[in-house]
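Peer 1: Sequence:
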Amino acid sequence: MKKILLSITALVALTLNTWAYEVNPIITAMPALTIAPDAHAAGMGDIGVATTPDMNSQFWNAAKYAFIEDKGGISASYTPWLRKLVNDIDLAYLTGFYRFDDKQAISASFSYFSMGEVSLVDANMVGEEYVYATAKPNEWSLDVAYSRKLHEYVSMAATLRFMYSDLNNGINYSGTGESKEMYPAWTFAADVSLYYRQPIELPMGTSHFALGFTLSNLGGKMSYDKNVTSNFIPARMRLGVSYEIPFDNYNRLMASVECDRLLVPSTYSTYASGIGEKKGDDQYRWDNASEEYSKVSSPKGWFQSFNDAPGGAKEEFDEMRWGVGLEYSYNRQFFGRVGYSHEDKMKGNRRYVTLGAGFKLSIVRFDVAYCIATAASNPLDQTMRFSLGFDLAGIKDLVNNKR
Numbered sequence: 001m002k003k004i005l006l007s008i009t010a011l012v013a014l015t016l017n018t019w020a021y022e023v024n025p026i027i028t029a030m031p032a033l034t035i036a037p038d039a040h041a042a043g044m045g046d047i048g049v050a051t052t053p054d055m056n057s058q059f060w061n062a063a064k065y066a067f068i069e070d071k072g073g074i075s076a077s078y079t080p081w082l083r084k085l086v087n088d089i090d091l092a093y094l095t096g097f098y099r100f101d102d103k104q105a106i107s108a109s110f111s112y113f114s115m116g117e118v119s120l121v122d123a124n125m126v127g128e129e130y131v132y133a134t135a136k137p138n139e140w141s142l143d144v145a146y147s148r149k150l151h152e153y154v155s156m157a158a159t160l161r162f163m164y165s166d167l168n169n170g171i172n173y174s175g176t177g178e179s180k181e182m183y184p185a186w187t188f189a190a191d192v193s194l195y196y197r198q199p200i201e202l203p204m205g206t207s208h209f210a211l212g213f214t215l216s217n218l219g220g221k222m223s224y225d226k227n228v229t230s231n232f233i234p235a236r237m238r239l240g241v242s243y244e245i246p247f248d249n250y251n252r253l254m255a256s257v258e259c260d261r262l263l264v265p266s267t268y269s270t271y272a273s274g275i276g277e278k279k280g281d282d283q284y285r286w287d288n289a290s291e292e293y294s295k296v297s298s299p300k301g302w303f304q305s306f307n308d309a310p311g312g313a314k315e316e317f318d319e320m321r322w323g324v325g326l327e328y329s330y331n332r333q334f335f336g337r338v339g340y341s342h343e344d345k346m347k348g349n350r351r352y353v354t355l356g357a358g359f360k361l362s363i364v365r366f367d368v369a370y371c372i373a374t375a376a377s378n379p380l381d382q383t384m385r386f387s388l389g390f391d392l393a394g395i396k397d398l399v400n401n402k403r
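Going by this note's numbering, the first residue of the sequence shown is number 1, and it counts up by one from there.
No wet-lab data here; the hints were simulated from the structure.
Please note that a few of the clues may not be correct.
[Claimed, not checked] Here are the simulated lysine-lysine pairs, DSBU-like style, with alpha carbons at most 35 Å apart:
#1 K103 / K71
#2 K136 / K314
#3 K71 / K226
#4 K300 / K345
#5 K226 / K103
#6 K345 / K295
#7 K136 / K149
#8 K360 / K149
#9 K345 / K136
#10 K71 / K136
Using the sequences provided together with the hints, build the complete structure.
Peer 2: Laid out in structure tokens, this is it:
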């Protein structure tokens, strides 16, 4: 079963991390949690930690809800995946929030990632693969957050998340050799978020400077074999800054820059190189590297991730993903967006330009985004993403005939 697990996780990794040339990507359990789920952020280069608060802030920075103007809202988003190759892999995302008063809010979200239909294989037979069943792997997460203003310009939020991953739908094969039972994996995690937003008066109107910081998915590891081995979840650190400037009473432009990185140790290679000096056998080196890597605890892994890349300081820097985005708005109702996301070729090589548009009229908000890859084999290349949101207070007023 070890080999079956490796086959499935490798398939997911190959779609979520674009392997090209000589690469050393960081592989985690539940990699779908690294996908930007909403079209607003997707149109700006997959960034959102410091942008203007909106209904989908839960994924990026829940602390932004303390500054949102709406009383409450709910939004649904849809992201197709690898549409050039298959039509049954996609990400669905549902989020909502409610603001108690001018200082505090509660929010929640549900994310579901379907990996389509996958063949389960056992590779114990030398020279061939044996497909013994098919499954529909899926991963989902459910979270809730509380955000509060600590100061006129500063807010913080805490998020609690439950994560569940089922790679084989309970289908196991009792083969020979290293075969073992595989089970669904789950764990809990938490986010800590900070948001700073200050108005600045200008002759043409009020501008806003914002700074955002999050530590997300800080939690336990996941095991598919009852803790014989364990896998890191995609713990992540994000830092971003944005500035929104008005040209007049109707036209505004927001620019944002963001960087993020996984708080996960370099995968296997660091351990394999050290063990390899003692043993020349490749299989021994790989198996033992996997076991040593699996023994690293989550807290130790968070700190170790800053100083364990085989390529030293340069590779540590290369583990950062950068994004920039622009958003033009007219009367805060019609929006045009453009962005760019950059990832080093050794860490996935996902580089792409994004375009987006949206409108907010009365109780409805609709956003769409389109991705144009600038590096080969991007799984989101030429993909449209959609988000549809509703203002709950507006719906209530409409029902009461106030609008």
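Peer 1: Has the given pair, K136 with K314, been kept, meaning a C-alpha gap of at most 35 Å?
Peer 2: With a Cα-Cα distance of about 39 Å, the restraint between K136 and K314 is violated, given a limit of 35 Å.
Peer 1: Going straight from one Cα to the other, do K136 and K149 come out at no more than 35 Å?
Peer 2: Violated, at about 43 Å.
Peer 1: Under the criterion that the straight-line Cα-Cα distance not exceed 35 Å, is the pair K71, K226 satisfied?
Peer 2: Violated. K71 to K226 sits at ~44 Å, over the 35 Å cutoff.
Peer 1: Need the status of pair K345, K295: alpha-carbon distance at most 35 Å?
Peer 2: holds (28 Å)
Peer 1: Could you grab the alpha-carbon distance between K360 and K149 and see if it respects the 35 Å cut-off?
Peer 2: holds (26 Å)
Peer 1: Does the alpha-carbon distance linking K226 and K103 stay inside the 35 Å limit?
Peer 2: Violated. K226 to K103 sits at ~43 Å, over the 35 Å cutoff.
Peer 1: Under the criterion that the straight-line Cα-Cα distance not exceed 35 Å, is the pair K103, K71 satisfied?
Peer 2: holds (12 Å)
Peer 1: Is the Cα-Cα distance between K300 and K345 35 Å or less?
Peer 2: holds (27 Å)
Peer 1: Between the alpha carbons of K71 and K136, is the straight-line distance 35 Å or under?
Peer 2: Since the Cα atoms of K71 and K136 sit roughly 39 Å apart, the hinted pair is violated (cutoff 35 Å).
Peer 1: Check the hint pairing K345 with K136 against an upper bound of 35 Å on the C-alpha distance.
Peer 2: Answer holds: K345 to K136 is near 30 Å, not above 35 Å.
Consistency with the previously given hints fails for numbers 2, 3, 5, 7, 10, ordered from lowest to highest.
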